[in-house]
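Residue numbering for the sequence shown is -22 to -1, 1 to 154, as defined by mature numbering (1 follows the signal peptide of the UniProt record, and there is no 0).
Treat the hints with caution; some may be incorrect.
As the list claims (entries may be wrong) - Taking lysine-lysine and the BS3-like style, the derived pairs with C-alpha atoms no more than 25 Å apart in a straight line are: (1) Lys3 - Lys41; (2) Lys113 - Lys65; (3) Lys41 - Lys113; (4) Lys56 - Lys144; (5) Lys41 - Lys144; (6) Lys65 - Lys41; (7) Lys144 - Lys107; (8) Lys113 - Lys27; (9) Lys59 - Lys27; (10) Lys113 - Lys144; (11) Lys56 - Lys107; (12) Lys59 - Lys113; (13) Lys27 - Lys130; (14) Lys59 - Lys130.
The set of hints was computed from the structure by calculation and includes no laboratory data.
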Amino acid sequence: MPKFSLALVGLALSLLPSAGQAAEKFTFEDYFAGRTEAVGSFSAINGVKRTFTVDLTGNWDGKTLTLREDFVFDDGTKDRKTWRFTKTSPTTYSGTREDVIGETTVRLNGAVARFNYLVYLSPETQGNKVRFWDKMVLREDGTVLNTALVTKFGIPVAKTTVEFRKPGTSHKTASR
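All chains, please: the whole structure from these sequences, using the hints.
See below:
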């Protein structure tokens, strides 16, 4: 049990704010409109690990950002998800996605966006319901680092890290 406790503490600590974060204002429509690329990884406490790339296409209509995400996983599996983020104030959005249960509220604070949402990992059977706790940080180099703690019954079970960038800039190794 001590190793499990240390793993939980490690997952929680990895989501704390880090020094040197960009101090500029972050908005989804400014960053994600047009093309964006990402690399990411998922690791669970049961040993499951996956890496992936994502090609994103964002369309801002003045009120809603429609963000199509095309995933390619390390085993060749492909998936497509589409977020719809409707701006509800200068610092909030309401978000939906086809596999998200209900909707999420995104809250912006300077260079940081936070939101959480429920997902069925097995949508066809509505099984394995988990909650993602996302924190996105716009960094000074123009990349966005998204770390997400995944919980089940309030217990951390996995972590996802994704680094977004505009085409033509290089990725760091944060998501590996």
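The hints, checked one at a time:
Taking the CA atoms of Lys3 and Lys41, the gap is near 18 Å; set against the 25 Å cutoff, the hint holds. The hinted pair formed by Lys113 and Lys65 meets the criterion: a straight-line CA distance of about 18 Å does not exceed 25 Å. With a C-alpha separation of about 22 Å, the suggested pair Lys41 and Lys113 falls inside the 25 Å cut-off, and the hint holds. A hinted pair counts as satisfied when its Cα atoms are at most 25 Å apart, and Lys56 with Lys144 qualifies at roughly 21 Å.
Our distance criterion of 25 Å between C-alpha atoms is met by Lys41 and Lys144, whose separation comes to about 22 Å. A C-alpha spacing of about 6 Å is found between Lys65 and Lys41, which places the hinted pair at or below 25 Å, so the restraint holds. Of the supplied pair hints, the one linking Lys144 and Lys107 is violated, its CA atoms being roughly 32 Å apart against a limit of 25 Å. Under the criterion of a C-alpha separation no larger than 25 Å, the hint pairing Lys113 with Lys27 is consistent with the structure, at around 20 Å.
With a C-alpha separation of about 20 Å, the suggested pair Lys59 and Lys27 falls inside the 25 Å cut-off, and the hint holds. This hinted pair checks out: Lys113 and Lys144 have alpha carbons roughly 19 Å apart, not beyond 25 Å. A threshold of 25 Å between alpha carbons decides the hint, and for Lys56 with Lys107 the separation of about 21 Å falls inside it, so the pair holds. For the hint linking Lys59 to Lys113, the alpha-carbon distance of about 19 Å falls within 25 Å, and the restraint holds.
Restraint check for Lys27 and Lys130: satisfied, since their Cα atoms lie roughly 17 Å apart, inside the 25 Å limit. Restraint check for Lys59 and Lys130: satisfied, since their Cα atoms lie roughly 22 Å apart, inside the 25 Å limit.
Going through the hint list in order, the structure does not satisfy hint 7, though it satisfies all others.
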